[in-house]
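Number of protein chains: 2
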Amino acid sequence: MDLHRLTRELHVKNNSKIVMYVADGLGGLPQQPGGKTELETANTPNLDALAKIGVLGSSIPVLPGISPGSGPGHLGLFGYDPLQYMIGRGALEATGIGFELKEGDVAIRANFCTLDAKGNISDRRAGRIPTEESAPLAVKLRNVKIAGIEVFVEPVKEHRFVVVLRGEGLQGNVHDTDPQVTGVPPLDPHPADDQSKKTADVAKEFIRQACQLLAGEKKANGLTLRGFSGKPALPSYEEVYGLKAAAIAVYPMYKGLARLVGMDIVGKAQTLGEQMTVLEENWSKYDFFFIHFKYTDSTGEDGNFAAKVKRTEEFDAALPRINALKPDVLIVTGDHSTPSMLASHSWHPVPTLLVANNCRTDSCQSFGETECLRGGLGQFEAKYLMTLALANAKRLGKFGA
Amino acid sequence: MDLHRLTRELHVKNNSKIVMYVADGLGGLPQQPGGKTELETANTPNLDALAKIGVLGSSIPVLPGISPGSGPGHLGLFGYDPLQYMIGRGALEATGIGFELKEGDVAIRANFCTLDAKGNISDRRAGRIPTEESAPLAVKLRNVKIAGIEVFVEPVKEHRFVVVLRGEGLQGNVHDTDPQVTGVPPLDPHPADDQSKKTADVAKEFIRQACQLLAGEKKANGLTLRGFSGKPALPSYEEVYGLKAAAIAVYPMYKGLARLVGMDIVGKAQTLGEQMTVLEENWSKYDFFFIHFKYTDSTGEDGNFAAKVKRTEEFDAALPRINALKPDVLIVTGDHSTPSMLASHSWHPVPTLLVANNCRTDSCQSFGETECLRGGLGQFEAKYLMTLALANAKRLGKFGA
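As you go down the protein sequences, you meet chains A and B in turn.
The first sequence begins at 1109 in the numbering used here and counts up one residue at a time.
The second sequence begins at 1109 in the numbering used here and counts up one residue at a time.
Treat the hints with caution; some may be incorrect.
Claimed, not checked - Sample of chain A residues with no beta-carbon within 12 angstroms of chain B, all distances over it, derived:
| id | residue |
| --- | --- |
| 1 | Tyr-1193 |
| 2 | Gly-1204 |
| 3 | Ile-1257 |
| 4 | Gln-1279 |
| 5 | Gly-1291 |
| 6 | Pro-1293 |
| 7 | Leu-1342 |
| 8 | Ser-1392 |
| 9 | Lys-1402 |
| 10 | Asn-1412 |
| 11 | Asp-1436 |
Stated by the list, open to error - In the SDA-like style, the derived pairs of lysine to any residue whose C-alpha atoms are separated by at most 20 angstroms in a straight line are:
| id | chain 1 | residue 1 | chain 2 | residue 2 |
| --- | --- | --- | --- | --- |
| 12 | B | Lys-1144 | A | Arg-1482 |
| 13 | A | Lys-1502 | B | Gln-1140 |
| 14 | A | Lys-1502 | B | Asp-1410 |
| 15 | A | Lys-1506 | B | Arg-1334 |
| 16 | A | Lys-1160 | B | Thr-1478 |
Hints listed in this document are in silico derivations from the structure and should not be mistaken for laboratory results.
All values reported here derive from a predicted model rather than from experimental measurement.
Every residue, glycine too, gets a C-beta built ideally from N, C-alpha and C.
Given only the sequences and the hints, what does the whole structure look like? Please build it.
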C-alpha cells in the first residue's frame, strides 16, 4: 500500500504548524542489562514534561531487526517507505556533500586505488590516503573533458570522492568497477541495460583520462567507480502532504535528504541555538519544520556513552524555544538508534514522542526507551509518523464515507 | 497479502459461536490531558469483568493516522482490508438507506441543485431544501422512463437522493457531473472507460427527463450525480471463513454493510434489548453474530461527552444477555473512535476485548483506552480481528506442516 495514495487524496490545508525535532541516532542501550540507556541517564526535564502531556511510542525505522543508514532512516521519518524508495549510493554520497543533483544526472561514488605495474589493484583504498593529499587529486580530475558531458568531481574524505555526470541520455544502471579484491585490474563499467550504455561509455572515458592525470602518483594512481545512480524520484512534501516544509540542519547529508523531498533548506545555522533562531525567524513562512541534531549519533558512533548523554541533555535544553512557538504538533524522535555500546547504527526501536491537542495522552511519565514501551503509539513503522502528524494537525480528511 | 487466501485454505467448521459486539465510534478522548475518556468514565462492570478474563488490545481501523468512514471501518472489523476493498460513494449511499444492490447495478449519489435562467448552478445544494420538500421530488423522478433500464430513485435527506440504474451492460466508471462550483452548468456524465459508455448515456437521459420533471421548482430545478459505482465485489463470510453469519443492527447502513459480506439480516429490532432478543432467538441458527450499537458514535458526533458515557453504560448493561448464551468467542470493539472532544470520527486506536477459553489473558483489569495499551493483543490492524476470532473459536487449521 502506497501511503501517499491516501495522503494525496485526504490531506487538507489549515494554519497548523508541525515540528519534527530529530536527534540522530537517539535510541540507545544500557551499559549493563537492566541499566539505563543514554536517554534514560540524561537529565531531560523538558522531554519528560512533554512525555506527560503527549503520547509515546517506539518507532521501527524500516522493519524489525533492520539497522538503517541515514538515507532510509530519514526517508522513513519523512513518510516515504524506505523499502519502496531507494536512494542509490552515488546519489546519497553526492547528497551528503551538498551536491544538488538535477534530473538526469548520474552520481557515482569513486575510490582512489593503487595500481601495480601490471595495472592490477594492490590497494583498494589507495593506502587510506589522507584527505589533504586526496582532495587536490580529486580537483585535478576536473580536467577530464568529455564532449557533450559536464563532469563534476568533488572530494569527500580520504580515498573517497564523488563524480557526477550531466548530459543528455544518461541513465544510472551501470555495474560497479570495483572488483572487491586485489591482484586484478578494475572492471570496465558495464551497462545493466541498453539505456545506460552511454553512461558506461562516458565512465570508461572518464577512467581513461583520470588514469592519465593520476599517472606518477604513488598511492592514488587509479580509481574505481561504484553505486552509479540517478537523482531519486521522490514526490514532494507539497504534493503528497500539502505541506510547505523547511529543513533546519547543520550537516549537508540531512539538508540533502530534506531537499530530495522538496523541503526548503533555511538558514545557515552551525549550532543548535542558531537552529532555533532560524526556526523562530521562519515560523510564519512554513507549515512543517524538520530540525536535525547530529551529535547524539556521532557520540554514539564514537562509543562514548557519557558524551551521548551530554549531547542528549543539550538536545533537551533547546526544547523551550520550540515550545514557546506553540506548534500544533511536535514530534521528537530519531532516525534510528546508535547505542554507544555498539558504536554503530542499530535496529532497536527509537523512542518517539508526539504532543498535540487530542493526541490521547498515555500514562507515560518520562521520555526513555522503557517508558516508550507503555506508550499509546505502541511500536510502529517510522513511515506512519507523517500520517499521525497530519491527523493530529487536523490535516487529514476522513477515508471513505 | 490477501488474508482471505489464508482463511479460505485454513478454516474448518465446528459448532462454536462467535459474537462481535460493536459499539460504533467506541474510542474516545479525555476532556483534558491525563483525564478519563468516555469509556473510562462510564460505569461498565460487565466489560470490566470480561477485561479480567479476556485479552485486550487497541485496534487500528485502517492505518495509523487514518480516520475511517463507516464503510472502511466495518470492512476492517469484518476482516476485509479496507484499502483493498473500496466501496464507491454511490454504492455506500444506497447501502446506507437499505437499498439492496444487485450484481451489475450502478448506484449514484444525487444532489438536487438550483439552476438559474441560463442553466448555471446557483446553489449546489438547492438551498439545503428540507427533506419534507425534497423527498416527494425524488419520488416524482421515478417517472423517468428509459428503455431497457430499470431506474430506482430513493430519497435520502435534504438535497440528497440515490439513483440506481439496473440493466444489461452497465458499468460504474463515470465521472461526477457536479462541477464543485457555482456559476457554471452541471457537467455531462462522461465515461472513464469504454465499458461505462452506456451508463453515461443512460445517466444523460435520466438528467434530461429529470430536469423536465423538476421544471418550475424554485429550489430544486436541477441535479448533479456523483460517485457512480457498482455493487462492491466482496467475497462472502461463508466462502472466506466458512461462517454462517447474522447481522443484528438497527440502522440501514450497518445492515447494508453486513449484507455486502453475505451476512443474513435477522430481526427487526429497534432497541438494544430487542437486538438481544433477536440474538437469543437466532442463537442456534448461525455461527457468527454481528451486533451493532449506533449511539456511542452519534453521541460522540454530537460532541456530547456525558451522553456518550451514558450510551456506553447502556451498551455495557446488555452484556449479561450475551454472556448467558456462552459464546465461544466474544469480541467487543468499535469500527473507529468518535471522541466527543472532536465531534467526529478519528484515527485513534479503538479499545478491543476478546474473550475465549485459552485466549491467553493479560494483566488488564478494566476496559478502557489506557488499559488496552497493556493488553495482550497489542496494537493491531482491525482486519486481523477475524483471524483472531476464528483461531480462538478453533476454526483455523495449522498453516504449513
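- When the hints from earlier in the document are held up against this structure, which numbers fail? none
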